[in-house]
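Residue numbers (my numbering), protein chains in the order written: chain S, 1 to 254; chain Z, 1 to 309.
Some hints here could point you the wrong way.
To be verified - List time: in silico DSSO-like cross-link candidates among lysine-lysine, alpha-carbon distance up to 27 Å:
| # | chain 1 | residue 1 | chain 2 | residue 2 |
| --- | --- | --- | --- | --- |
| 1 | Z | K83 | Z | K160 |
| 2 | S | K208 | S | K232 |
| 3 | Z | K142 | Z | K177 |
| 4 | Z | K218 | S | K232 |
| 5 | S | K232 | Z | K83 |
| 6 | Z | K83 | Z | K167 |
To be verified - Sample of chain Z residues with no beta-carbon within 12 Å of chain S, all distances over it, derived:
| # | residue |
| --- | --- |
| 7 | L18 |
| 8 | T121 |
| 9 | E126 |
| 10 | K163 |
| 11 | R212 |
Claimed, not checked - Here are the in silico distance ranges between beta carbons for each label pair:
| # | chain 1 | residue 1 | chain 2 | residue 2 | range |
| --- | --- | --- | --- | --- | --- |
| 12 | S | R198 | Z | T17 | 55 to 65 Å |
| 13 | Z | P138 | S | M140 | 48 to 58 Å |
| 14 | S | P184 | Z | A145 | 55 to 65 Å |
| 15 | S | E194 | Z | E287 | 34 to 44 Å |
| 16 | S | V67 | Z | L208 | 15 to 25 Å |
| 17 | Z | A145 | S | V161 | 55 to 65 Å |
| 18 | Z | K160 | S | R134 | 53 to 63 Å |
| 19 | S | G13 | Z | L208 | 19 to 29 Å |
Keep in mind that the hints were calculated from the coordinates and are not lab data.
The structure displayed is predicted, hence computed values, not measured ones.
Glycine residues also receive a C-beta, built at the ideal position from the N, C-alpha and C atoms.
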Amino acid sequence: MNEAVITGKQIVGNFIEFTCTCAEVAQHAVPGQFVMVSVSPTLDPFLNRPLGILWAKDDSFALLFEVVGRGTSLLACLEKGDTLPVLGPLGNGYSLDASSALLLAGGRGVVTLHFLARRFKELGIPVSMLCGVRDSSEIMLERYIIECESGLRLFCCEEGVRGLFQGTVVDALEEYAALHPLAPETVIYTCGPEGMLRELAMHPLLEKRRVEVSLEALMGCGFGVCMSCARKSTEGYMHICSEGPVCALSEVTW
Amino acid sequence: MCSLRGYLVNIKTRLGTLELANPLVLASGTAGYGREIAPYLDLNRVGAITVKGLSLFPCSGNPPPRIYESASGVLNSIGLENKGVERFIQEDIPFLETLSTRVFVNIWGTDEHSYRDGARTLTAIERIDGIEINVSCPNVEKGGASFACSLDSLASLIGKLRKVVTKTLIVKLGPMKEDIGAVVILLEQLGVDAVSITNTFPALAVNLSNERLFFSRKTAGLSGPAIKPMALRMVYEATQASSIPCIGMGGISSGTDAVEFLLVGACAVGVGTATLKNPAAALEILEGMQSWMEGRGIERIEEIIGKAR
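I would like the entire structure built from these sequences, with the hints used as guidance.
If you want it as structure tokens, here you go:
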């Protein structure tokens, strides 16, 4: 475990963003990877929590997580100056060999795609980003959509909110594709809730296209020994922590 | 001999005729096949590694969800997923051959033949120092009851395995209906070299959101600090009843937890669930244990084994 020092904390609705200093994590992290974070120095809760990396640069990295249960509630109590035991970076990352990219994020799926968009922007690769949330309580996630001169950014909400496209990410994708037909070489990257991913997996617009997805799972260890994070794939069970979290959408079975 | 601030503590221990450089054993199911945990801790510094439970043929395990967190504990329903004996030998033995630590292989089966065939193949591998038998799995020939459900079925299985296993034979015992004292006396008579006590405890979790049981197989195995007092009781009773060497395990998360198991009679200790939280936990526990002994002026581990009676 490495000790990361929290150098910044922002409350973003029901989400918390921590900026941390830890060279061991920051210097090796690639978009799509995660860290296992200790939520308590005591024996309860016992297990670490897997959190996607929002960005990493030099000796710093950031985490953005939704407060959903006891573990993340305890994490949310930490303040600037506190230390955070972390293990990582873990898992594989998104491939960076696209000549143009379209990123489809749903809810907290924006975390790892934000990092990916930043990296593509640095590499000069055209990137468009569509992000959707369920209701107005999550619209502050809009700040994590990366501005990119060569691509489009679009934020949508299933609930009607003035000034925002109303609908899901899949609705937004259909609108987008009607206006800007997807170039054959455009690679799709996605992360989001199960229902959204399932819909994308079956969507004719993405048929025969390279689509990479980052998956979530309940995890025990995060580094491949406990086999808790199994998920059905076309090759039998895959283990999200060690064989993922990024894989081809076509490998996932629903 | 290990030196801490210049003080020498002899922490070598024995499981029958097998010597371990120290009493710290990585428990089965939490150290993978060795390679997975190697980036996080120096495997040559632990007394032994027990690789994930193997069956003769690969097993895909249970459908997810497979893990649930309870107060100071973890329920798992992995379903003994593993790559099978053959792939293990091809893919993992070459790595394990680069280590100097003791290597134990945990095995399980669905009938006596599958146990025997797996054990026979593995005992022929030079690098393997010990075979640990998981007797908590269901016997399909006996309607799915555990091999440890009666002394007769246990004696039948272990008697056959003793004939084929030429390496250190360890039997891993979990909670059972039979009196643990009677079980270890029987195992000693059968020529078993050591026992690992305990395995996970059968437990249940409920999913409040859909008002159903959390795991598809209904029950799951509870491990972690929550089971430590029950594990201590089992180790105490087993080592009172018999002189068979015991690897004590169940919720060990600190050096002093490990010392408690030694005090009640274990001559080695297994670290399992703590590894999930911190892959280097075993070494920190070892250092904590040595530090405790040093603080007490203890020179040899034997001085504390079974002292609390």
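Results of checking the hints against the structure:
no., hint, verdict
1, Z/K83 <-> Z/K160, "holds, 24 Å"
2, S/K208 <-> S/K232, "holds, 21 Å"
3, Z/K142 <-> Z/K177, "holds, 16 Å"
4, Z/K218 <-> S/K232, "holds, 20 Å"
5, S/K232 <-> Z/K83, "holds, 16 Å"
6, Z/K83 <-> Z/K167, "holds, 22 Å"
7, L18, "holds, 24 Å"
8, T121, "holds, 22 Å"
9, E126, "holds, 25 Å"
10, K163, "holds, 32 Å"
11, R212, "holds, 16 Å"
12, S/R198 <-> Z/T17: 55 to 65 Å, "holds, 57 Å"
13, Z/P138 <-> S/M140: 48 to 58 Å, "holds, 51 Å"
14, S/P184 <-> Z/A145: 55 to 65 Å, "holds, 59 Å"
15, S/E194 <-> Z/E287: 34 to 44 Å, "holds, 43 Å"
16, S/V67 <-> Z/L208: 15 to 25 Å, "holds, 18 Å"
17, Z/A145 <-> S/V161: 55 to 65 Å, "holds, 59 Å"
18, Z/K160 <-> S/R134: 53 to 63 Å, "holds, 59 Å"
19, S/G13 <-> Z/L208: 19 to 29 Å, "holds, 24 Å"
No hint from the list above goes unmet by this structure.
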